[in-house]
Amino acid sequence: MKNTPNAPEHTTMSHETNTHDGHAHGHVIVSLFTLRTVLALLLFFTLLTVGAALVEQWIASAFNVVIPQWINVTVALSIATVKTVLVVMFFMQLKYDNPMNTLIFVFTVLTAAFFLGFTALDLGGRSSLDRFKAQYAVPGGTGLAGDNTPITRRARDKAIAAGTYDPHKAHHDHHGGLSITNAGYLQPKPTVGSDENFSRPVKGVTIPGLPGFAERSNGHSDGHDKDQGGESGSKAPAGQ
Amino acid sequence: MASIHADPHLPATDHGHADDASKPYHERYHAAHHFKSRDHEFDSVKMGVWLFLGTEILLFSGMFVAYAIFRMMHPEAFIAGSGKLSVGWGLLNTVVLLLSSYTVAAAVRHAQTGNQKWLQINVVLTFFAGLAFLLIKFVFEYAPKYAEGKLPGMFFSYPYATSEYEPLWWGIYWGATAIHASHVIIGMGLFVWIWLRARKQHFGPGHYNAVEGVGLYWHIVDIVWIFLFPLLYLIH
Numbered sequence: 001m002k003n004t005p006n007a008p009e010h011t012t013m014s015h016e017t018n019t020h021d022g023h024a025h026g027h028v029i030v031s032l033f034t035l036r037t038v039l040a041l042l043l044f045f046t047l048l049t050v051g052a053a054l055v056e057q058w059i060a061s062a063f064n065v066v067i068p069q070w071i072n073v074t075v076a077l078s079i080a081t082v083k084t085v086l087v088v089m090f091f092m093q094l095k096y097d098n099p100m101n102t103l104i105f106v107f108t109v110l111t112a113a114f115f116l117g118f119t120a121l122d123l124g125g126r127s128s129l130d131r132f133k134a135q136y137a138v139p140g141g142t143g144l145a146g147d148n149t150p151i152t153r154r155a156r157d158k159a160i161a162a163g164t165y166d167p168h169k170a171h172h173d174h175h176g177g178l179s180i181t182n183a184g185y186l187q188p189k190p191t192v193g194s195d196e197n198f199s200r201p202v203k204g205v206t207i208p209g210l211p212g213f214a215e216r217s218n219g220h221s222d223g224h225d226k227d228q229g230g231e232s233g234s235k236a237p238a239g240q
Numbered sequence: 001m002a003s004i005h006a007d008p009h010l011p012a013t014d015h016g017h018a019d020d021a022s023k024p025y026h027e028r029y030h031a032a033h034h035f036k037s038r039d040h041e042f043d044s045v046k047m048g049v050w051l052f053l054g055t056e057i058l059l060f061s062g063m064f065v066a067y068a069i070f071r072m073m074h075p076e077a078f079i080a081g082s083g084k085l086s087v088g089w090g091l092l093n094t095v096v097l098l099l100s101s102y103t104v105a106a107a108v109r110h111a112q113t114g115n116q117k118w119l120q121i122n123v124v125l126t127f128f129a130g131l132a133f134l135l136i137k138f139v140f141e142y143a144p145k146y147a148e149g150k151l152p153g154m155f156f157s158y159p160y161a162t163s164e165y166e167p168l169w170w171g172i173y174w175g176a177t178a179i180h181a182s183h184v185i186i187g188m189g190l191f192v193w194i195w196l197r198a199r200k201q202h203f204g205p206g207h208y209n210a211v212e213g214v215g216l217y218w219h220i221v222d223i224v225w226i227f228l229f230p231l232l233y234l235i236h
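These protein sequence lines are chains A and B, in that order. The C-terminal residue of the first sequence carries number 240 in the working numbering, and the numbering is unbroken. The C-terminal residue of the second sequence carries number 236 in the working numbering, and the numbering is unbroken.
In case anyone wonders, no lab produced these hints; they're calculated from the structure. By construction, the Cβ of each residue, glycine as well, lies at the ideal position given by its N, Cα and C atoms. Where hints are given, some of them may not hold.
Claimed, not checked - Simulated coverage check for chain B against chain A, where a stretch passes if three residues somewhere in it have a Cβ under 8 angstroms from a Cβ of chain A:
hint : segment
1    : 44-52
2    : 57-67
3    : 91-98
4    : 123-137
5    : 185-193
Starting from the given sequences, assemble the full structure and let the hints guide the process.
What follows is the structure, given as structure tokens:
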């Protein structure tokens, strides 16, 4: 592949040079015809992606249907992927290049896909949970249908049952550093700001110092104090 | 010419070999001493550029992940915000960038065949395509949106928002497009450098590492826009 010349115009050029170490050998020169064809295809796919969006909009309004978001995203990303493959193969010449460079590119894209995939694992499920099971929504999620125990709580109960649970360690994890799950503890919810316990942040102005913050923090501060006494007593597993 | 003779990539005149100064730079070019040959140097340089492009992809992937998170959490904000963008300008900019990707690929080809005139023309065309992209972006998109207060987070002051998470959308929009635009600006600077060197006949069949490397970088910037355009402008 690497040594296949793809340059019919190359022989017509008079700049064939005898270099000291034969640099020009083994380098594929993509013909202008190929480059222009790729450009035409890229422009076509650009119009196609705009056209697809317009058609989706037209269908939605003409037939009064709601087209799910994933269709819009899938169509857009599919066309963008085809365009990217064209650019990478011909403009960036990976088709003719050292396979190691392709490996670098593919590996990086796979890494980016992992980032997206693992993010989607959590967030992709939240909207369906919000829609159908909002009343059962548990901060942090349960991971099981029909069981309202949070994942973190279940993990802790399992450890207690197995006798490997160390309350002292939990105490340390709970207070320090990077704990995302709070080691099974359900904290009283803060009424201002947002944290990992919230599927959705508190609405309204939540930044101290901005107009609008005062009334909501005042309005809720009493309730928050009561929460500390009342709710945590009933909900927090510390009561066990 | 003194500066060219100081170049470590050219044979030193006091080593016995008479350097034929009448030949252009790219024909007299020698690989750096730690490479076996110009081919060896070219392949190593190109792989280095690809590794850098890998880090670029990962940089932009962070933005796309942020986009994915916030669109999944607040789809209504993205629909409302995207509706306030102009598809026409976005489409025009996409076409401009695709054309510039072609001129870069053509520039590399003309460097490979030693066509100095069309190498320079294509490099200059690419520079002006980048300039056109930035002008369209700043004059017709950034400036009006800034004036209307369609700004990220706490800077948001547009009074007719239909979704309360719209400031979040504008954060994604400004963040993603501004990082992309900064890449375009850097790329234009690199093309000035390429053009200055091309005028001195630095590039030809024997030596075109820099044209190839800057071209690859420009294509990645183009690819990022290929994804940004539908994801930002074509939501409904």
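Report the numbers of all earlier hints that the structure fails to satisfy, in ascending order. Going through the list in order, the structure violates hints 4 and 5 and respects the others.
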